Amino acid sequence: MRIKRRDFLKLSAIAGAAALSGCAGSDSGMNALASGKGGGGKIGEGPGEWRPTTCQGCTTWCPAEVFVQDGRAVKVQGNRHSKQNDGKVCPRGHLSLQQVYDPDRLKVPMKRTNPNKGRGVDPMFVPISWDEALNTIADKMMELRNAKEPEKFCLMRGRYTYMRDVIYDVLPKVFGSPNNISHSSTCAEAEKFGSFYTEGYWDYRDYDLSNSKYILIWGCDPVASNRMIPATIKRLGDALDRATVAAVDPRLTTSAAKASEWLPLIPGTDGALALAMAHVILSDGGWNKEFVGDFKDGVNRFKPGRKVNETDFVEKETYGLVKWWNLVVKDMTPQKAAKISGVPADQIIRVAKGMAAAAPNVAVWMGPGAAMQARGAYSAMSVHALAGILGSVDNVGGSLQTAKIPANKLDSDLLKKYQDELAKKHSKLEKIDQRGRLELPVIASGKSGGGVSTNNAPNGILNKDPYEIKVLVGYMNNFVFSSNGTDRWERALSSIPFTVHLTTNASEFTMFADIVLPCSVSMYERYGYIKTKANRYAALSLLQPVIKPVWDVIEDETEFPFLLAEKLKERGFSNLYDCLVEMYSDPETGDKPKTSKEMSVFALKYYTKPLWDGEKDTHGDKINGWQEMLSRGMWNSEAYKYKSHWGGKFATETTKFEFYSETLKKALAGHAEKHKVDIDTVMEKSNYTARGELAFVPHHEPSLRHGSKKDFPLLFIDYKSRLNREGRSQNSPWYYEFKHVDPGDVGGQDTLRIHPVDAAKYGIKDGDKVKITSMGGSGECIARVWEGVRPGTVSKSYGQGHWAYGRTATADFGKSATRGVNNNTIIPWELERLSGSNARNGGHAAVRIEKI
Amino acid sequence: MKQYGMVIDLRKCVGCGACALACKTENNTSLRGNGQTHNWADFIHETTGTFPHTKFRTLPVLCNHCSNAPCVEACPVEPKAMFKTADGITMHNDERCIGCRACQDACPYSMDEVMKDGSSGEYSVISYNQEGEPTQKFFTSKTEVIKKCSSSGAELVSLTKANPPYRHNYNHPDYENVRRDNIVEKCIFCDHRLKNNQQPACVDACPSGARVFGDLNDPGSEAAQLLNKDKGFVLKESEGTLPNVHYIREYSAR
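Read top to bottom, the protein sequences are chains R and Y.
Each residue of the first sequence is one higher than the one before, counting from 1 in the UniProt record's numbering.
Each residue of the second sequence is one higher than the one before, counting from 1 in the UniProt record's numbering.
Don't read these hints as lab results, they were simulated from the structure.
Here the structure is a predicted model, which means the values were calculated and not measured.
Just to be clear, a hint being listed does not mean it is correct.
Cβ-Cβ distance ranges computed for the label pairs, FRET-style [to be verified]:
id	chain 1	residue 1	chain 2	residue 2	range
1	Y	His53	R	Asp70	36 to 44 angstroms
2	R	Asp131	Y	Gln198	47 to 55 angstroms
3	R	Asp131	Y	Lys147	19 to 27 angstroms
4	Y	Glu122	R	Gly71	36 to 44 angstroms
The beta-carbon is built from N, C-alpha and C at its ideal position, and this holds for glycine as well.
For reference, chain Y alone in the conformation it holds in the complex:
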């Protein structure tokens, strides 16, 4: 059976942010609000040691697409809105989601409310779109900072007929390219791209080649071969979730 996963080579990663931004442009995730980051890809940073022997590393984070996924387990609807696909993706079906956030609560990599960011190690794999609020609130404002001279978000939306104005259109039977209110959302490995033999957007966008996506159960895949050479580590292994996002090698050379 297929098990899609990702191997992130920390030696190659420079923590630049391109993957997370490419994800936002690919999937039209909204801006941070109501304690939700809406970052399907994000980063946490760790500083250790004391000057001048300070060490620092960045870990890119995303949904771990766990083999033993607590979010799936917790999803109360039938059939489940959060479920595992045959490819091993932890998939989310927007239509069936009731916005109960049980998945967010169950996921050890998610937070109910993210008050800080990766600089403090805070992030959340699962985000929730607040009930009754537009999911792209930023572009709904009619305020003009210079009256009649500068534009507004609302004017941009009406002109481009899209919210966000840079909305990327794609189709997928389970999820929409802009999610509605009162549902959760998270990384789905860009299944709409995988189905067209494309890599997930973050992988494609990484300028360092640090992110390698593939079938971890296929010994011929690059991802499996990398793991063969270097077992690496996963996040919160003790939680027993069996993550399928693996980190190999050291960020720093010292």
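Isolated chain R, as found in the complex:
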């Protein structure tokens, strides 16, 4: 019974007696370990040990350490050897404890007993033995081999470590399927497109924030998500003192809140805004002469609206500046861009001139908001081209590539050795995501069909085109939740006859599975390694089982292929087993792995061996032997050398930084030739408006919109919460407790931020329950009326709206009720076709909001 304090105070004379009764009511068992009470034990922490591993809560992939007491993980910090996070993790690291000790984790293999599949249909799972689970999977796979159709096996990969080689390469290729579908295009491939078709780098960039004099953050909030989060958190405050920080984003991010300049552009107008900044810098003579070069006579001929003679300008490290100017930049005045983007012309001019004055020490941080749009390939190039004219590419305070990590690679000769004729032939068939078709160029790294188009896989599956998928294995993925157009995925997964899911929790993908295998939580219970970079250092960091797995789980990337290989061998197909035991024998002793767990360790030793065997200079930390590698948990490179790619060493067609992309021209021409069409047709089929030479330069494209302005008047903005561990932390109570650390958000609810002007227009008050509807779908969330969102837009973070996963993520798991609405149901299915990316930004998701 609760004592009312004021009532009690009147009775303070009996305080002593009350104190006694209070003590008597305590749960002494719960405090048995607090033996220090009354001064008995040593003050301080009980015995324990910090053990190294890696946090995979976001794409930073932080080297981390876990404090272990009595075999339990209890606290998290960064790896103290890390030159990227200096021993600190962001909130995600701490939050991960509620993932490993999630009460809704799967503890045993299970099988579906209800043959009907669909959203909200109870699979009626029952527990089964590991043997039964693996036998069933092996039987289904042997059916494909026996019918000479191994391509009908498909492996889908979500979160991964570099041990992926085993499950993602060796397994499907030796079995005979071309279908290893990664999640990569869900994440940032359009972003990588921007840096590849300018500087020849298909990857995230590193940013030298410690030395920046101007930081332009575009379409991301790097203290909250994207990459190198702890490194950025550490540096932003000092940067605000030393440099100017400007943030381009339609929502008020933390970076935007702290910045000197906030440029809240209209979604999908990034290309115009970037071009206008380029226009100002060039017409003002502010480009970096050392990198870009100059007019022969030193007289600036970049006059608004006027063409320049190409021969008048001599470029140094770049190519095609004048062509670019003549094609698009000359006409994109700040006034014109202001009309398109909603950012005032004087602010565009101020920011552009500010950057020019700080050049070349300018970090132009291009994030997914600028790129992951239906027509985002060219806006990604436009933003990254700013780094080119400022000379900050590969330069002090600018954007950098990476130092090398000398890990071993997959032995592809050995893989080929164990591919039989059927596997050789069928693993080269067209993939289920249809990459490389006319309307889906996916010219990743310059090659038609060179990357993945995750979100087109459901089309291939539904249309059985190029063929039917009969056996699907997914690991640590949840594409039916994490890819926009969730209804399409629901239909596709419902149509597959046999699906296996390797997972920690019963997620939405699991609900379509026939067999489910419980797996380890990556940060705590498995071996693996990752490569990452930040703050000029590349790093290789290990994942290790810092605790004994809480449940009887397996490591998805290594143990599953091994256990499956044993079963396939029993059934007369031994190639996979033979390949694995040869490829992953112990590199020190030559012993072949006898168990799945042994293979995990041997494989890790094989890949990381050059870092600890002392044979060659690693150009980084010196590590003496395997045991030291395990105990340190990571390796740092030397600092990346500035200007590594200057002097004609960019991996582009011209070896220069390209403003007119000969690299893209070649790639598009190659794709057009493959389909016997011209490049204009490729552009048309890929949803782009550019024709002719425009296809080869960074330019502005009008944004694509699903839904009329009349029926869907607002633009929906998706963003990633700083508490999102991918889409997996929504079953953690701490997620809801601290959700308000996302600016404008409110804890304990799925918050939709709406500007007061719009709220008034639609009769919505702060805290109202609202229905949000797009061409893609609808759902319920709670309105937050807030000045930090651009009028005409609404924003909500990705992550909530689970209809499976666990008791906290889902209001009532058994009834498949949701808590909030999944952004990927609201964002209609769409692709950025040149890179194959899921399009989720840029305003194609038009919505209406109604008070419920």
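Got chain R; can you put chain Y on it based on the hints?
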């Protein structure tokens, strides 16, 4: 005399939440319930101005360890359960606490019942563990969302022999690492760490280096030196509590 305190550099702080989560993992504070946050470290947020000139800031909040602490004054038991240590920490002794909540009532930084959160400026330094309820209720449930296939909180507790399963064990003569029912709890500057020459967990965990802990009366301490340069501000100065948590510099550069 020592006066431990904290200086929070708002220019460095990005409001990420790492400090508050590190505090929860360090001190095994339970989940929000019965109007109590059990967040010894928390945040409040302020939005001012109108679009596009919107300003926003986050203030990390925790016990101010006031020199003139109303919670101590209000504590009715003798010797007091809420008291000042020689180091200037506002300390809480679990054993002597009778759960009367007079401290919570007296503290201008605490609320009897927190219905909202930092997005509305609501938080509470002092939380109360409901009488007769387990303090880690979340892990007592025996429900399995998929029968016989997924686990339950109770099963995790029985397997790990700890509640919460990630329970961090430490010893201190005044407070326990998991508090019992019918007592209050709050930030104690991680005295169990200070006694071992460690920083409070929130300070250690801050990726931005915004939180500087030290003896404010020692002119040589970093905290005192920061305050020397920038007087900063304290929360609810007019209450006259003389807080020892100070905020310096502006969150935003504009």
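Comparing the hints with the structure gives:
no.: 1; hint: Y:His53 to R:Asp70: 36 to 44 angstroms; result: violated, 54 angstroms
no.: 2; hint: R:Asp131 to Y:Gln198: 47 to 55 angstroms; result: holds, 49 angstroms
no.: 3; hint: R:Asp131 to Y:Lys147: 19 to 27 angstroms; result: holds, 21 angstroms
no.: 4; hint: Y:Glu122 to R:Gly71: 36 to 44 angstroms; result: holds, 38 angstroms
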